[in-house]
Amino acid sequence: MKKLNLALSTLFYFGLISCGQNTSVSKDIMTIETPASPDGDYQVILRPLNNHLSGWIPNGKSDIKINNGQISVYSWLEDAAPEFHQQFILTGKRCPDQADDKNGDGVIDIREAFRVSGKILIPLDNNLRVQNGSQDQFPFGNFSYTQKTDLKFIEEDLKTPDLDPHDFFVKLNRNESLNLENKVMIILGINRKTTLPLSIQSFDQSPSQLTIPVVCGLIKKSPL
Amino acid sequence: MSTVILLVFFFLFIPRLEAETFFAHLIGSEKINPQTTLLKFSNGRVALTDDVLHLETNDPYAVIVDEEQNLLQIQSDDKALPLDSESPHHFHISAPPTPTLISENEAYDIFNRLNSRYKRSSECSNRAHVWAWEEFTKHHMTSEKVYVLFTASYINKHRFKWWFHVAPLFSIKKDNNVEKWVFDFMFNPRPVTIKEWTDGFVFTKRSCLYTEKFSEYDVNPQTEDCYLMVDSMFTWNPIDLKNKELSGQSKSQFSRGEINFAYKQAF
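So the protein lines, in turn, are chains B and X.
Each residue of the first sequence is one higher than the one before, starting from 1 at the first, in my numbering.
Each residue of the second sequence is one higher than the one before, starting from 225 at the first, in my numbering.
Since the hints were derived computationally from the structure, they do not count as laboratory data.
Where hints are given, some of them may not hold.
To be verified - With a straight-line cut-off of 25 Å between C-alpha atoms, the simulated SDA-like cross-links for lysine to any residue are:
1. X:K255 x X:V276
2. X:K419 x B:K221
3. X:K419 x B:I57
4. B:K148 x B:R192
5. B:K193 x X:K419
6. X:K429 x B:R192
7. X:K381 x X:Q477
8. B:K102 x B:Q201
9. X:K404 x B:I57
10. B:K221 x X:E358
11. X:K397 x X:I326
12. X:K381 x X:D274
Said to hold, decoys possible - Footprint (simulated), chain X over chain B, 3 or more residues, beta carbon under 8 Å:
13. 66–80
14. 171–182
From the three backbone atoms N, C-alpha and C, an ideal C-beta is built for every residue, glycine too.
Next comes chain B alone, as it looks inside the complex (with noise of 0.2 Å):
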């Protein structure tokens, strides 16, 4: 928005902007791209990924509702480890899948998964509002999983400086709008009882049962 701002301000100046509703100048000079409105219904449809691990078929459904500055979450999951499950928007556009064990283990782990699906960008945890909570807390077995807060609020923390370009973390740049569409969700977390193979690599210290991708599926936005 601010970019947009700034742009606006610039044809102001310059004398160029029209009343109408194209905002394209001229072909020839420039043309600003109104950012779409994230305003919107989008869905996730969340699919089993490491089944053969959890001993069960895990699914759930993510449905994101943006309506005049406000982001609802409401996701669930059926059939899955009476485990924490991390559960994450990440960066990427696509989930992992059995071509992406590249140490072929047989499991498709965290550092696999994100090596194609991007970094955490939002943790879906008790705390939308910012990415790094002191008191971050995620649901637990099977869940149904609510939050709501102001966008404003989760765009203003994503653009606070990234203070380690290294983690799994990842910000947004300064004049980068949220745009959730098409981005994955993943939720992790299989029975820490679960025997695993030594090659499993996790993140941020936590077991390796309870990183393992479980369910993983794309943002879509929801026709109108």
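Fit chain X to the known structure of chain B by using the hints.
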């Protein structure tokens, strides 16, 4: 992320054992070993018990199981959906309808337009029935149903939750061949072959034995992990497969009652 707090939370929390309740009709039972009995229910769920129970097949029950499908409690309860709303005039003896042949592109179009508004804890037979019905009525696509039937030995070994799973099956023109692809929107991100589909549920990755007779599955030597059956899109669940073998008659059309039940339970 506050790693320390998160780790404290992970390690200090005592994991809860989750019990689950469902409402369904008892379809059958079989001994897995001298002690343990496997109970199969109309919604596809199973329960394992070492108790000697006097339960009536086809009766509705409220069932509570733990996360390993051990039966914790069972009692009569009529909350389960009716077993079959079918009336006899919907059956016939002639051949099932010929599936529509579609291209690969059409297959992806169909897959992506399948109704995604299914509910949490919806039953596979109801989702599959609505998907097949909507394709048939809205787009004139004739499909089939593919059933995977899990053996008692597989269920016991893996403490698997279900005794069957079903999804729509479409016929795809590919080069000069016809391939059968499964459209299981809830579990697969795209149409898949039958083997890819069963691999998602059969953790051993063994192929399922194809049969045309439900009785081959029903009384099997427990040497297989699973059986496969393919039938017309009008079938709703394995009870239809069993009835077909017993009566020699197949369903010849969708039943409005079943469709209504399927929508109500699953969407």
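### Query
Which hint numbers does the structure go against, in order from smallest to largest?
2, 4, 5, 7, 14
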